[in-house]
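> So the chains spell out like this:
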Amino acid sequence: MSKKDTDVKSPKGKQGSRSKAKIRMLRRFSQLFFFCLFMFLLFETEFRGTFGEGNADVVRLDYPVSIFLEMDPLVAFSTAISTHGVYNKVIWALVIIIGTIILGRFFCGWICPLGTLSHFFSSYKPEKKGKTRVNANHYKGWMSLKYYLLIAVIVMSIFTSLQTGIIDPIPFLVRSLTVSVLPTLNIAMRAGFDSLYATNIGALQFVADSGYYLFESNILSFKAQYFNWAWFIGLIFILVMLINRFITRFWCRAICPLGALMGLLSRWSIFGMEKDHSKCDDCNLCLLHCQGACDPQGNVPWRQAECHLCFNCEVECPQDVIRFKFFPNVGKENINIDPDWKKRKIIASAAAGAFALPILRSSTGLDRNFNSRVIRPPGSLDEKEFLARCIRCGECMKVCPTNAVQPTLLEAGLEAIWTPTLMMRVGACEYNCVLCSQVCPTGAIWKITEQQKLGQVDMDGNQLDEAKPIKIGTAFYDRGRCLPWTMAVPCIVCEEFCPTSPKAIWVKEEIVTKADGTEITVQQPRVDVDRCVGCGICEYVCPVQDKPAIYVTNIGETRSRTNQILLESGTYK
Amino acid sequence: MSENEINRRDFLKRSSKAGLAVAATAGAGFWLNSRNEHPRQTLDTSGGRIYTVDLPNDTPQMIVATGGTPVQLAQQALAALGGMETFISPGDIVVLKPNVGWDRVPQQAANTNPDLVKTVAELCFNAGAKKVIVTDVSCNDPRRCFRRSGIARAAESIGAEVLLPEERKFKDYRLGGELLSVWPVYTPIIEADKIINMPIVKHHNLTRATLGMKNWYGILGGRRNQLHQQIDISIADLASFIKPTLTIMDAYRVLMANGPQGGNLKDVKEYKTLIAGTDPVAIDALGSTFLGLVPEQLGHIKLAHERGIGNMNYTEVSTRNITVE
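If you read the protein sequences in the order shown, they are chains A and B. Numbering-wise (the numbering used here), the first sequence opens with residue 895 and increments by one. Numbering-wise (the numbering used here), the second sequence opens with residue 257 and increments by one.
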């Protein structure tokens, strides 16, 4: 295995690798293309106020922005288990599932945007070179962790708690970029451009304006966005990227439950590697460039379930030992189709998944004493059904025009980490907006129209005589902080912004006494609990800046049969 | 000489480097310390913004046009005022300030009629305006407001520029008001050559009516939600600060209740009327009557009258009524 061996290449081998090199170029092109497509769709997950043709009343996005999530086989598989159904466009996951059954894990090497990022950070001027890199790219026992993680989260899905999204690469990447990376870029770029603009020097202001003009339809969102615990999500993302510098594609090899699932599906694959062990002279060039740690080298069977189909080994091999082909030799010495998992650990991880849920739910927070300030987006299903669907991808957070939709940390319990909640002090729910429900890939926020949100038609599309709008909560006054109630000062900004018609906030004129003893007539606001939809714009605009005099809690939310105040709104239908 | 021993040359070199570092740090420290001032905001120009033009003596101060479409109303009202050329000079940058406060469609009458905005923009271009800017600082998400009000599409179809408010373009201005001394203002609006205020008449619970002078709330950023505490004075302050070239008030559809954003078509009454003119107080006073009010009921109209911004006794100003067939 001296260096000299690697230098010796037969003319035939050279020729071969040149034509074989095309497939690597093709793969790189595919990775770049799908990564760009992924980013484009993420940038388009925002209503930018384009005033094109079409019905101007109805605000929809121009592209199927959630398609990467909908094509994710793990999203399809786990929600099918947790909900016994496949929601809307998630059926598109069949494309990847069938492709994987036929070809193996092509998704990992050719499409997955997190895989592409990991690939780049692993292979661009790598820290490890030569022998250490070859050694590092041998398959290791700990790489089977991903199978056990998959088993644990799938068992949790059986018990209707969907936890896959936390480590599923597509939701993981969408969430990390939405909540942390893009807001960080926004803050940094805006700070730069705005400080140029603030100089009042024409040329610099032109630079700032040009910067906005260039980036306002991609990196820059309409307004700077802020997210709950963004730094924490960002830190995890940085660690996942950073670890590639030490262990090639660590996430893909050891963590990724989607990779594990596709590794299992690849056992029926009719495409794979065939090795001519006799030709191998142990130059290890294949290992040096291996992404999946699937043991491409000679004299050991290829681990089919680990291979990303990156084709580096075939391209690099100077002796033509490695060939990818349809219907390869499936002899034991050539292919190992079983993942490296141990029966005992399978049982242990299944048991861990089974017990995790009762442990999580034995805490208060779901069945008892649910946090009153966790306000789910309009259209959301009842909490338990919601938890069976939400993959924490953050699409709803990306698309929300007011930045109201925020990831929870522990507000809704550990089980519901990074699920969406509305924080009305950041932004309120736009009365006529249904974009979060339009982009939700799994129906945790069920797809609704404006008419359904306003209650003009029911969920089956039947016209209603009396509007029953979707409520996400109810507003309450803190009269001790309210200006007309306590401070003898006119205000009622809440009433002005209340979007229902007739308004849910109504006022009564009262003569009150000021501190100096003089009298003044003020309008004191009150909430009509029946009309209030919980949109929270009153809380958003309340001039008591620090802790508003009106606030929304989730009582009365349409999605719940039990979380109700009034007798008639709690009826079972 | 062993390696550990220091020679004279080294000694001088190293101590002078250390000395320089100490001097530089200390110098920088004391210099920065001497700059230690309480942070103060720098403010832009003070004083009012006057966009009015000198008019021929026979120009009526107010036109009340009724009937027909918003397009006809705008065209005929402006013709009766002597044509847009009277107000707009060739090469002017004109800002139209409609009310685009809310995420509502035109039928709900919460925002200025889009056809009206389009026609006025067209008249400005015909009068030689270099650029027509349509903008407002909305209450709801501005992207939604400008789209669903139909105003963005209407304005762009005629070549006007639609500006959604951008944070960097707000600057603190000395408004010089009784209450509003300093406030962030959206600069593209007040940096224009001419401004046409294009409010819509609608119900408002606190002021009783949203009219022309209140429409100037839409040039402000900052803690706008606190202005309600002294709403009459703050409106009068704004009306003192900014004197528009022209006010064109939309009373085509009027939101009679649940204003200022409404939503229920039952609250909308069709008056098919447009008021145009140069006396902002008289126009507001007349506008209030569409809601069944008398001008004396509106504190900010009285205050503006007392300050001499205009005449609240609208019957006293020279008016021409026209009916569009």
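Because the hints were derived from the structure by calculation, they are not lab data. Among these hints, one or two may not hold up.
[Claimed, not checked] Pairs of lysine-lysine residues, derived as DSSO-like cross-links and limited to a Cα-Cα distance of at most 27 angstroms, are as follows:
{"hint": "1", "chain 1": "B", "residue 1": "LYS386", "chain 2": "B", "residue 2": "LYS499"}
{"hint": "2", "chain 1": "B", "residue 1": "LYS427", "chain 2": "A", "residue 2": "LYS1117"}
{"hint": "3", "chain 1": "B", "residue 1": "LYS525", "chain 2": "B", "residue 2": "LYS558"}
{"hint": "4", "chain 1": "B", "residue 1": "LYS425", "chain 2": "A", "residue 2": "LYS1117"}
{"hint": "5", "chain 1": "A", "residue 1": "LYS1219", "chain 2": "A", "residue 2": "LYS1278"}
{"hint": "6", "chain 1": "A", "residue 1": "LYS1402", "chain 2": "B", "residue 2": "LYS427"}
{"hint": "7", "chain 1": "A", "residue 1": "LYS1408", "chain 2": "B", "residue 2": "LYS558"}
{"hint": "8", "chain 1": "A", "residue 1": "LYS1341", "chain 2": "A", "residue 2": "LYS1362"}
{"hint": "9", "chain 1": "A", "residue 1": "LYS1402", "chain 2": "B", "residue 2": "LYS386"}
{"hint": "10", "chain 1": "A", "residue 1": "LYS1362", "chain 2": "B", "residue 2": "LYS386"}
{"hint": "11", "chain 1": "A", "residue 1": "LYS1278", "chain 2": "A", "residue 2": "LYS1034"}
{"hint": "12", "chain 1": "B", "residue 1": "LYS425", "chain 2": "A", "residue 2": "LYS1362"}
{"hint": "13", "chain 1": "B", "residue 1": "LYS558", "chain 2": "A", "residue 2": "LYS1402"}
{"hint": "14", "chain 1": "A", "residue 1": "LYS1278", "chain 2": "A", "residue 2": "LYS983"}
{"hint": "15", "chain 1": "A", "residue 1": "LYS1226", "chain 2": "A", "residue 2": "LYS1236"}
[Said to hold, decoys possible] Here are some of the chain B residues that sit facing chain A, going by a computed Cβ distance under 10 angstroms:
{"hint": "16", "residue": "ALA335"}
{"hint": "17", "residue": "GLY338"}
{"hint": "18", "residue": "GLN485"}
[To be verified] Calculated Cβ distances over 10 angstroms to all of chain A for the following chain B residues:
{"hint": "19", "residue": "ALA280"}
{"hint": "20", "residue": "PRO295"}
{"hint": "21", "residue": "TYR307"}
{"hint": "22", "residue": "ILE349"}
{"hint": "23", "residue": "VAL438"}
{"hint": "24", "residue": "HIS484"}
{"hint": "25", "residue": "ASP523"}
{"hint": "26", "residue": "LYS558"}
{"hint": "27", "residue": "GLU572"}
The beta-carbon is built from N, C-alpha and C at its ideal position, and this holds for glycine as well.
> Could you check the structure against the hints above and give me the numbers of any it violates, in ascending order?
Going through the list in order, the structure violates hints 5, 6, 9, 10, 11, 12, 16, 17, 24 and 25 and respects the others.
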